[in-house]
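Engineer: Take a look at the letters that make up each chain.
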Amino acid sequence: MTPHATKGAAQYTTHHPRWYRTRVSTYWWLWKWCYLKFVLRELSSIFVAYFVVITLLQIHSLSRGPEAYARFEERMRSPLMIALNAISFLFVVFHTITWFNLAPRAIDARLAGKRVPGILIAGSNYVAWLVISAAVAWFILR
Amino acid sequence: MAETIQLEVTRYSPENDAAPAFQRFEVPYRKDWVVLDALNYIKDRLDGSLSFRWSCRMGICGSCGMMVNGEPKLTCATFLSHYAPGVVRVEPLRYFPVVRDLVIEMTDFMVKLRQVKPWIIRKEEKSIADGEYLQTPQQLDAYKQFSMCINCMLCYAACPVYGLDPLFAGPAAIALAQRYNKDSRDQGAKERMDILSQHEGIWGCTFVGECTEACPKHVDPAGAIQQYKLTAAKEWFKSLLMPWGTK
Amino acid sequence: MAADSPKKILEPFFWTLFSAGGVVAALLMPVHIFLFGLAFPLGWLPNLSHANALALVEHPLVRVYLFVFCSLPLFHWAHRFRYTLYDGLQIKHLNEVITLFCYGGAIIGTVLAGYVLWRIP
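Line by line, the protein sequences give chains A, B and C. Here our numbering is used: the first residue of the first sequence is 1, the next is one more, and so on. Here our numbering is used: the first residue of the second sequence is 1, the next is one more, and so on. Here our numbering is used: the first residue of the third sequence is 1, the next is one more, and so on.
Mixed in with the good hints, there may be bad ones.
Stated by the list, open to error - Heads up, simulated DSS-like pairs for lysine-lysine below, C-alpha to C-alpha not over 27 Å straight-line: (1) C:LYS92 / A:LYS32; (2) A:LYS114 / B:LYS190; (3) B:LYS234 / A:LYS114; (4) A:LYS37 / B:LYS217.
Claimed, not checked - Chain C is nowhere near these chain A residues, computed Cβ spacing over 12 Å in every case: (5) TRP19; (6) ARG21; (7) SER25; (8) CYS34; (9) ALA106; (10) ARG115.
FYI, nobody ran anything at the bench for these hints, they're computed from the structure. Just so we're clear, the structure is a prediction, and the values are computed from it rather than from any experiment. Built from N, CA and C at the ideal position, the CB exists for glycine as well.
Chain A extracted, bound-state conformation (with noise of 0.2 Å):
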């Protein structure tokens, strides 16, 4: 009667003839606008990888000599590339602020026995993203 779990293989669940399964829709994340959110956030990994490739590529005519990195400079400043970084931006700001807000519920930290309030650890992380972020672009254009 109940759906046993076999290692690795398919799962099927029992079969009833009469019980109704409603079979879920493929556009499941649609339907609901908890849902839609989280599936972009979701999606938003795949602006970060993004940007990881164009990181690589930057660097990769940096080393292939002034004229590379300069054409590399012309492609960023086409419209295209300023539009697809400009929503990749406001994606990875997406990520960067549900990341921080899930993170303490992930972590049972705990002082002198008492939970210690989701704002704390929420708040630390946002100062910690102001003072690392100002930190890089210091680091970059002194």
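Please build the complex by placing chains B and C on the supplied structure of chain A, with the hints as guidance.
Structural biologist: Structure of chains B and C alone, referenced to chain A:
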């Protein structure tokens, strides 16, 4: 203020129907009525064949979980006034097979619950003569939130991963595993870890977080699962780097 | 307890990489994209000359920083995208292909990052 309100209720008779369909009922609208009151009115006065589960009608037994306007709710704790004057759509709990009308088949949850061994596991029981297991308020606080679960399965109805992945243990099962793992009297954490961590029981979770939103008892199963993942990861690295340690 | 297929045992490891990559991406990605994707190309801030940029990047500590910056977020993407494909497109039956594509991609990216950073003159 309207005197009646419309309810749109899922009907499914396995002997007669190929698929569920909606049926509309008009019930009296009382400001202090909950959806369960409306369903009982339908069963008492309008259509005695309507089938649904309920018991305590005060939000502690966990029997009356259903989808109300697309959200998993305890129908004994959901007021008609919240939806008036619109139509209130009542459907069986999502992601579970439907047996009849609003009644779902919950064996899968019971199997997964049993798998996590939701009881105190001791290597050695204390004898009666040694007295009770003592626990400080701090030790109680470590697991109390997770112990508030009433097994209503609203979190399962909210979790898309449960709907998509048959191997996923589900929010309540993992939260209850954590309830016992964090209990100072329990010594069974490793046993539960072997079951949950190795069988993909917890790794399917992608922290959607809807389970916590749906929970009527503020158990925060999403938090429990993430904490459990952290513990499992730590154990994995420990077993890799220090394989000689056994609990 | 008898171990399952190696893929399931590795799950905690990839989740750890996912978490670490998530932290790195959350802390560092915004400022990098802002500077190199928007501020410099749009002229909001003075750009780095080739010579200055090269001087910045050839320092060994900067190379290590960039390696971490490139590698960990790729593993973050790999784990997250894998589950997005499982749940979003419901193609979990293709899980071997997906796993290979995602983690393989992250590994290739890591190797490429190591190579590119090694080859800085």
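Engineer: Among all the numbered hints in the text so far, which are the ones the structure does not match?
Structural biologist: 7 and 9
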